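Q: Residue numbers (my numbering), protein chains in the order written: chain A, 14 to 367; chain B, 2 to 441.
Please keep in mind that the hints were generated in silico from the structure rather than gathered at the bench. As the structure is a computational prediction, the values presented were derived from the model and not from experiment. C-beta atoms are modelled at their ideal positions from N, C-alpha and C, and glycine is treated no differently. Incorrect hints may have been included.
Covered stretches of chain B (in silico footprint by chain A; criterion: 3 or more residues with CB under 8 Å from a CB of chain A, positions within the stretch not fixed) [stated by the list, open to error]: (1) 58–72; (2) 78–86; (3) 95–109; (4) 114–127; (5) 400–407.
The calculated label-pair distances, taken between Cβ atoms and stated as ranges, are [stated by the list, open to error]: (6) A:Arg-313 <-> B:Gly-268: 25 to 35 Å; (7) A:Thr-21 <-> B:Gly-387: 51 to 61 Å; (8) A:Glu-64 <-> B:His-41: 25 to 35 Å.
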Amino acid sequence: MGFLTSMTPAEGVAAAMLVALIVYALLGGADYGAGVWDLLARGPRAEAQRELIAHAIGPVWEANHVWLIVVIVLLFTSFPAAFAVVMTTLHIPLSLMLIGVVLRGSAFTFRSYDATELARRRWNRVFSIPSVVTPILLGMVVGAIATGEPGRAAEAGGPVPLLSTWLRPFPIAVGLFALNIFAYLAAVYLTLETVDRELREDFRRKALVSAVTLGVVAWVVYLLARDSAPLVYEGLDRASWGAPLRYATGAMAIAAIAALALRWFALARLAAAAQVAMILWGAAAAQYPYLVPPHLDMTRGVAPPIVHKLMLIALGIGSLILVPSLIYLFRVFKGHTFQGGRRDEEGPVRPTPA
Amino acid sequence: MTNLLAARLQMAMSLGFHIIFAAIGIALPLMMCIAEACWHRTGDPIYRTLAKRWAKGAAILFAVGAVSGTVLSFELGLLWPEFMNFAGPIIGLGFGLEGFAFFTEAIFLGVYIYGWDRIPPLAHWLAGALVAASGALSGILVVSVNGWMNTPTGFDLVEGVATNINPPAALLNPAFVSEALHMTIAAYAATGLLVAGIHAIMLRKDRDNPFHRRAMGIALAVGGVAAVLQPLSGHYSAQVVAETQELKLAAMEAQFHTERRAPLRIGGLPDVGSQTTPYALEIPGGLSFLAYNDPNAEVKGLDAFPSDEHPPVAVVHVAFQIMVACGIAMAAVSLWGALAWWRTRRLPTGGAFLTAVALASPLGMIAIEAGWTVTEVGRQPWIIQGVMRTKDAVTTVPGLWWSLAAYTALYVMLGVVVVMLLLHQFRSSPRAEAPTGEGL
């Protein structure tokens, strides 16, 4: 328990932010990914795939989305200078991302309540197209921060560069990486959402394909990082935990692919989630102690310790309500995905909004 | 158009949009819970249908409220980075707690909407109650931040830097209780009467429809009680403003000159050039009495403050008059309904009453927008009263005009869609001949 005494309150809040970001990727991210598969649905079972996606994410949709707000609130409360720099130097990608959030967030609900089939199909488009664009922008923002360009632009002062901070190969690669991660997670999760063999095979295939492309994109990101995000690259390369973490992430990736190949879907989900969590954890640890490299770390432009302590207390007390509530939500609506082979005798579970 | 003006317009538009959905998100779940409770008590299936119908509306409006709220949490930084850099640590506790309240709301709304017949009836009803409670708590916590902008506390200002930060003291700022009370009651009054008005319109065509009668009954009960209480909370709020923001009070009341026995000006169009308010009905000593409980009390006028700190008086005064007028009309309609109910023990469904309820329907939302204008424009040129000017808080990112145009187009479109979807829901509401209408 040594970390409890060595960790400053600021680092504690930063760790909580990272956890919230990882959970957002695992839950909210999969909702983006599901939108990607909605857009790409083809063939005889396209409608069945779309329906499965809508039913799978409906009940948890709003809750999954709140994790992003948690990250933002923790950021501006505890690290106000970093928040101000990110919001200024990455104004355009963030604004575009928000438009995507608004479009898909409202369209997803609208399509459940509109009158005609045609209108529903249109809402589906308004949901699925931003589901592809938004995660790319989110990834680009994260990638841009890692390059240090936004941090340098803010430090230099002068007019705010509108495009040069983020319209670069590395952020674009990270954007595609994020999209691929989310699509991969969604496909893996969706294999557990249906009792229909053919539908499950559809998503198993999608999961396998996106697992392979994820490997390729990850490799490209890693190569680009050497020149574009040297600080993060070196952080990952130099640290004693760097190599073990990379091996563990790779092992999880292989485990997920193997489990998918063997149709052990529950295990595949566990391995895929662990793999994604490790990718994010590794990236954050490589960037540590910087929030916005190369200047803003855990000591510069941060809130006073009293604020961090209060936020940690609030997070602790809030979790006492939040965690049981979330467990209840997932038990009621996602319980069927944890029941293994017994599902085949039961009818499919299709929660519909009423 | 300057960047500052574009940023202010975008913030005003975003907040003005979100506040409607936020207000409905506070009050509609309460009404839906009351309907479900009535169903459990009476076994009357119409109440169940009603709860489901309102839940549909709540789902649509919550979705828009959630995304527009997400946009706002980013816009704080996208438009006002200097404000957030200064204020983030001080007011973050309120936002952080609000995050948890919002989380609870989102979780149990999912449970409620998708959980009919999947979970035990009591658990389902409790989920709805949690949505209603956390929605109200969420609103109260957000308003605490606005209260802090009006009456900043919980820090010491040393050479432009905030030291000795005390977030709980910032949360419990002097304006917090009065603003939170006024806004929460406003949410119930505005939503209740808005919904009651819609059902009143349906009842005018279909007088005996039991679905709309029950719906209007619950909506009027929630909205009416709140509308009758609201003038009291408004009076309390004005006294807090008189105590903590004398300049804002002067602008609200178009009080150009400091004077004893200040009159209450009803209506009128303040003219800054001549320092007068033509067309106003003046009640001698009224303002002194309302603000300080003494008809001879001195009320500070705009002339007591440097002119570069004056807010746009005409906007603030007119918005205040609109808010008060709407509030009084809403209270009057509510009292009419209460009196009729008290005398006959029946919900009045006479043509005149239904027309009055229908006409009062939009007033609550108009009052909310006007009241928000009073508190925000009335604080200008400050973003944090006496601490930071709005022009010093705005982002240095050029070309905000584009952002304003894009978000305006987006929100206009969204508003039109929401109205169309809700109209579709109302058109498909149960007819009198099929009162149990389970075809949902």
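Q: Of all the hints given earlier, name the ones this structure violates by number, lowest first.
A: Checked against the structure, the hints that fail are numbers 6 and 7, while the rest are satisfied.
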